[in-house]
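Colleague: Could you put the whole structure together from the sequences, leaning on the hints where they help?
The opening position of the sequence shown corresponds to residue 1 in the working numbering, with each subsequent residue numbered one higher.
It should be emphasised that the hints constitute simulated quantities derived from the structure, not laboratory data.
Any given hint could turn out to be false.
Cut-off 30 Å, straight-line C-alpha distance, at most; resulting in silico cross-link-like pairs (DSSO-like, lysine-lysine) [what the hints assert, rightly or not]:
#1 280 - 314
#2 305 - 232
#3 280 - 232
#4 313 - 280
#5 37 - 48
#6 280 - 305
#7 314 - 232
#8 313 - 232
As the structure is a computational prediction, the values presented were derived from the model and not from experiment.
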Amino acid sequence: MWGAEFKMTARDLFPSLYFIPAIAYYIDGALLFLCFKSLVFRDFSLTKNDLLHLAPLVTYGIFIWTAFYSQSETHRLEMINSESFVYSANYVYMEFFSKGVRAIYAIACVVLISRYSYRLQDTNSNMEKVHISWLRALVIGFLVVMVSETILAGAKIINVFSELSLQQFSNIGLTGYYITFALVNLLVFNAVRYFGAFEQVSEISAVSKPNNEKHLQPELAAEVDLAIREEKIYMDPDITLDTLADALSIMPRDLSTLINRHFGINYYEFINRYRIEEAKRMLESSDYVSTTITDIYLQVGFNSKSVFYTFFKKLEGITPTQCRQNITPKSS
Numbered sequence: 001m002w003g004a005e006f007k008m009t010a011r012d013l014f015p016s017l018y019f020i021p022a023i024a025y026y027i028d029g030a031l032l033f034l035c036f037k038s039l040v041f042r043d044f045s046l047t048k049n050d051l052l053h054l055a056p057l058v059t060y061g062i063f064i065w066t067a068f069y070s071q072s073e074t075h076r077l078e079m080i081n082s083e084s085f086v087y088s089a090n091y092v093y094m095e096f097f098s099k100g101v102r103a104i105y106a107i108a109c110v111v112l113i114s115r116y117s118y119r120l121q122d123t124n125s126n127m128e129k130v131h132i133s134w135l136r137a138l139v140i141g142f143l144v145v146m147v148s149e150t151i152l153a154g155a156k157i158i159n160v161f162s163e164l165s166l167q168q169f170s171n172i173g174l175t176g177y178y179i180t181f182a183l184v185n186l187l188v189f190n191a192v193r194y195f196g197a198f199e200q201v202s203e204i205s206a207v208s209k210p211n212n213e214k215h216l217q218p219e220l221a222a223e224v225d226l227a228i229r230e231e232k233i234y235m236d237p238d239i240t241l242d243t244l245a246d247a248l249s250i251m252p253r254d255l256s257t258l259i260n261r262h263f264g265i266n267y268y269e270f271i272n273r274y275r276i277e278e279a280k281r282m283l284e285s286s287d288y289v290s291t292t293i294t295d296i297y298l299q300v301g302f303n304s305k306s307v308f309y310t311f312f313k314k315l316e317g318i319t320p321t322q323c324r325q326n327i328t329p330k331s332s
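Modeller: This is the structure we're talking about:
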């Protein structure tokens, strides 16, 4: 973690503190994970279980005290100056452990962002307006850096048993430090930049309710379906679960449960199915022969051509263009 000159200076001036900064490797992965978790979940709070994140740090503390700080001062200085300790098998194993833990946390962050993206589909019909691409890119960046550092640490283990030329590995490792520094700054910058538009979700899922409650009744589902078709509320490109629930005079939580359990899909898919149905009707209608496909998908509530084509192909088995070509137009 040191530049060559700084490492020598620190070793000469503060030999007793030489291994203290290394504790960052055993806690930064957990802090990164908790940081992302606090960004995406509105009800995030630390619990007693989160103390488990300190386990790698405690492990390092026990190791470094036993292997280094418990030795005499003369012996410690000899271990530092000769660098025999940092190239010993036990230290290299611990270094690999720290990098592996960081990589695991980076993977956990990727899973967390994927989970967050899926949860957003429970409340949003337009995912294009939700700014999470920067978050996903940052997480992938951290993952690449931390996995590469784990591989480098693995190379050091091999070097313990057979000599390797580690100069290139050293250059790659130094580059990784610079990239990590840049990623942390980007995380802070974008968190501030998108804070106002950033939509948090609830980490805790809705509590399961008995099957005889109102939101599970087929009659209510039929009423909701009829109201949506008649009012064509889905044509609002930015309609959310809350606005739809308000229009239907239903509690958002009950509407969400109804959609998930009765229709078997999330809110994002629920609204877009109505949009695809309306788009297909327009493509088949002689009243819209001169209307472009772009105008049609914008009119029914889509903001993205790729999303529209993906949904249409998924539900209808053909593309909108094929639908228009294969079906003889008929009046509405």
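Colleague: Now, for every hint given, state plainly whether the structure supports it.
Modeller: Hints and how they fare:
For the hint pairing residue 280 with residue 314, the CA-to-CA distance comes to about 13 Å; that is within 30 Å, so the pair holds. A threshold of 30 Å between alpha carbons decides the hint, and for residue 305 with residue 232 the separation of about 20 Å falls inside it, so the pair holds. Of the pairs offered as hints, the one joining residue 280 and residue 232 holds, with about 14 Å between alpha carbons and a cut-off of 30 Å not exceeded. The suggested pairing of residue 313 with residue 280 holds, with an alpha-carbon distance near 11 Å, which does not exceed 30 Å.
Between residue 37 and residue 48 the CA atoms are separated by roughly 16 Å; this keeps the pair inside 30 Å, and the hint holds. Distance hint between residue 280 and residue 305 is fulfilled; the C-alpha atoms sit about 15 Å from each other, no more than 30 Å. Between the alpha carbons of residue 314 and residue 232 the distance comes to roughly 22 Å, so the proposed pair stays at or under 30 Å and holds. In summary, the hint linking residue 313 to residue 232 is supported, as the alpha carbons are separated by about 22 Å, within the 30 Å threshold.
Checked against the numbered hints given earlier, the structure satisfies every one of them.
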